[in-house]
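All letters in the sequence shown, in the order written, are residues 7 to 457 by this note's numbering.
These are calculated hints, taken from the structure and not from any lab test.
Computed from a predicted model, the values in this text were never measured in an experiment.
A couple of the hints might just be wrong.
Ranges of calculated distance between the beta carbons of each label pair, as one might list FRET restraints [unchecked claim]:
1. M436 x K323: 38 to 44 angstroms
2. M436 x V27: 31 to 37 angstroms
3. I405 x L217: 38 to 44 angstroms
4. K123 x G419: 52 to 58 angstroms
5. D17 x K267: 46 to 52 angstroms
6. V181 x Q271: 35 to 41 angstroms
7. L93 x V357: 54 to 60 angstroms
We put the CB at the ideal spot given by N, CA and C, even for glycine.
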Amino acid sequence: MNKLEELGKTDVGKLMWKYFVPAFVGVFLNALYNIVDRIFIGQGVGAEALSGISVIFPVMLIMMGFGMMIGIGTGVVVSINLGKRDLETAEKTIGTGFVLMIIASAVVMILTYIFKKPVLQSFGATAETYQFANDYLNIILAGTIFMVVGFSLNNVIRSEGNARIAMISMILSSVTNVLLDYIFIFRFGWGVKGAAWATIISMFVLMVWVLVHFNSKRSVVRLKQNNIRFDWFILKQIVAIGMAPFAMQIASSVVQGLLNKKLIQFGGDLAVGAMGIINSMVTLFVMSIVAINMAAQPIIGFNYGAKSVERVKQSLKISIIAATAIAVGAFILIEAMPGVFVKLFNNNSTVLYELARNGMTLVFLALPIVGFQVVASNFFQSVGKAKYAMFATLFRQVILLIPLLFLLPVFFGINGIWLAFPVADIVSAMAVALVLYHEWKKLNLLENEIA
Numbered sequence: 007m008n009k010l011e012e013l014g015k016t017d018v019g020k021l022m023w024k025y026f027v028p029a030f031v032g033v034f035l036n037a038l039y040n041i042v043d044r045i046f047i048g049q050g051v052g053a054e055a056l057s058g059i060s061v062i063f064p065v066m067l068i069m070m071g072f073g074m075m076i077g078i079g080t081g082v083v084v085s086i087n088l089g090k091r092d093l094e095t096a097e098k099t100i101g102t103g104f105v106l107m108i109i110a111s112a113v114v115m116i117l118t119y120i121f122k123k124p125v126l127q128s129f130g131a132t133a134e135t136y137q138f139a140n141d142y143l144n145i146i147l148a149g150t151i152f153m154v155v156g157f158s159l160n161n162v163i164r165s166e167g168n169a170r171i172a173m174i175s176m177i178l179s180s181v182t183n184v185l186l187d188y189i190f191i192f193r194f195g196w197g198v199k200g201a202a203w204a205t206i207i208s209m210f211v212l213m214v215w216v217l218v219h220f221n222s223k224r225s226v227v228r229l230k231q232n233n234i235r236f237d238w239f240i241l242k243q244i245v246a247i248g249m250a251p252f253a254m255q256i257a258s259s260v261v262q263g264l265l266n267k268k269l270i271q272f273g274g275d276l277a278v279g280a281m282g283i284i285n286s287m288v289t290l291f292v293m294s295i296v297a298i299n300m301a302a303q304p305i306i307g308f309n310y311g312a313k314s315v316e317r318v319k320q321s322l323k324i325s326i327i328a329a330t331a332i333a334v335g336a337f338i339l340i341e342a343m344p345g346v347f348v349k350l351f352n353n354n355s356t357v358l359y360e361l362a363r364n365g366m367t368l369v370f371l372a373l374p375i376v377g378f379q380v381v382a383s384n385f386f387q388s389v390g391k392a393k394y395a396m397f398a399t400l401f402r403q404v405i406l407l408i409p410l411l412f413l414l415p416v417f418f419g420i421n422g423i424w425l426a427f428p429v430a431d432i433v434s435a436m437a438v439a440l441v442l443y444h445e446w447k448k449l450n451l452l453e454n455e456i457a
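Construct the entire structure; sequences and hints are all you get.
Structural data, given as structure tokens:
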């Protein structure tokens with residue numbers, strides 16, 4: 007059975023599991039990029055260096071935002087066209103996406119270099135942490151194209167049904183990153199610069215691997231030279247669908263910059279380091295839920311394009327159940343032993359330990375309902391409903407979280423900063439549930455029309 011028949015005919019539960027396992031391995035290892043850097047820097051360099059690297063997090067979110075916009079947008083358009091059995095348009099899509107990746111990488115790199123100092127200061131770099139942040143960013147920016155192209159094209163590999171190959175991509179780059187982190191930081195003594203070099207070399211390995219894939223017989227969709235050009239109609243589709251994850255990353259970057267400022271105001275530089283530790287754990291658990299989305303996206307996109315509504319609904323139901331189970335399990339684990347996770351990153355600073363341990367227990371209070379929201383946003387993207395996906399993203403990040411970060415610390419101090427996250431999660435979950443219910447009724451109507 008070829009990939010297209012598999013997406014349209016194999017039992018949805020079995021197919022989800024088949025795609026989930028390699029996706030989970032891939033995203034878990036992907037999460038290690040930031041986590042391992044922070045663990046090695048926290049243990050091998052120090053608490054202030056960890057705070058300096060945490061300042062870079064908003065910049066990394068912007069870079070990843072472009073990769074997600076193009077990768078997810080391209081992947082969804084490819085999936086829908088494969089569902090329609092339109093291979094020619096699917097291959098034009100990946101060609102257009104590739105050109106967009108190159109341009110976006112160059113723009114991000116140049117603009118960030120030009121405005122580097124005010125960017126770092128606006129995201130919370132202080133006299134004590136600026137040099138660490140600057141050293142790391144200088145090197146990372148040189149590898150912008152590796153990150154954007156590598157992550158974007160790897161997402162397209164999943165969208166064409168090659169989940170195992172996408173997993174191997176992440177294993178290859180993640181193992182490279184971990185090994186080089188250890189060598190550069192602990193053996194060569196390069197500090198934060200060593201962590202940055204490890205990251206961009208591993209990104210280069212990922213980029214080369216995915217480019218080789220799309221010029222091999224393993225790929226369903228080929229990256230052909232004559233398709234590496236703009237198709238303006240396809241470009242609009244990619245950007246429209248990818249705008250939601252892009253907006254999410256940009257909003258996250260703005261929120262993170264504001265958050266760093268508030269943390270310094272109410273807790274000092276080490277509070278930023280504490281947030282870096284918390285973000286690492288958030289990334290680890292949320293990316294596990296994202297793995298479910300990665301498994302579901304090609305199935306939902308393909309079957310939506312093929313008008314197989316029942317398979318779309320089954321994929322959504324399974325995704326919500328699985329994501330909620332992961333979120334509840336993560337919530338129990340974090341609330342039971344937050345200090346154990348904090349000590350992975352730094353066991354020398356008691357101030358950092360107390361800040362991170364307390365913050366982690368509060369930030370994760372509403373984690374059990376986060377899985378549902380992540381799945382809902384992905385569903386809207388997968389069926390091409392960009393406006394709904396945008397709403398699900400921006401309502402939490404912008405409309406709710408930003409005002410809460412200004413309001414709650416006035417009454418509760420630094421605890422108000424931590425509590426802003428679960429409050430935003432609870433309110434946004436209710437709003438997203440209403441939108442998803444509305445879309446579910448539309449699917450039922452479509453199913454009746456087809457029947």
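Evaluated hints:
For M436 paired with K323, a C-beta distance near 20 angstroms fails the hint of 38 to 44 angstroms. For M436 and V27, the Cβ-Cβ distance of about 32 angstroms falls inside the hinted range of 31 to 37 angstroms, so the restraint holds. Between I405 and L217 the beta carbon distance is about 39 angstroms. The supplied range of 38 to 44 angstroms therefore holds. Distance hint check for K123 and G419: the Cβ-Cβ separation is about 30 angstroms, which falls outside the suggested range of 52 to 58 angstroms.
Our hint of 46 to 52 angstroms for D17 and K267 holds, since their Cβ atoms are close to 50 angstroms apart. Separation of V181 from Q271 is about 40 angstroms and conforms to the stated range, judged on CB atoms against 35 to 41 angstroms. For the hinted restraint 54 to 60 angstroms between L93 and V357, the CB-CB distance of approximately 58 angstroms keeps it satisfied.
The structure is inconsistent with the numbered hints 1, 4, although it conforms to all the rest.
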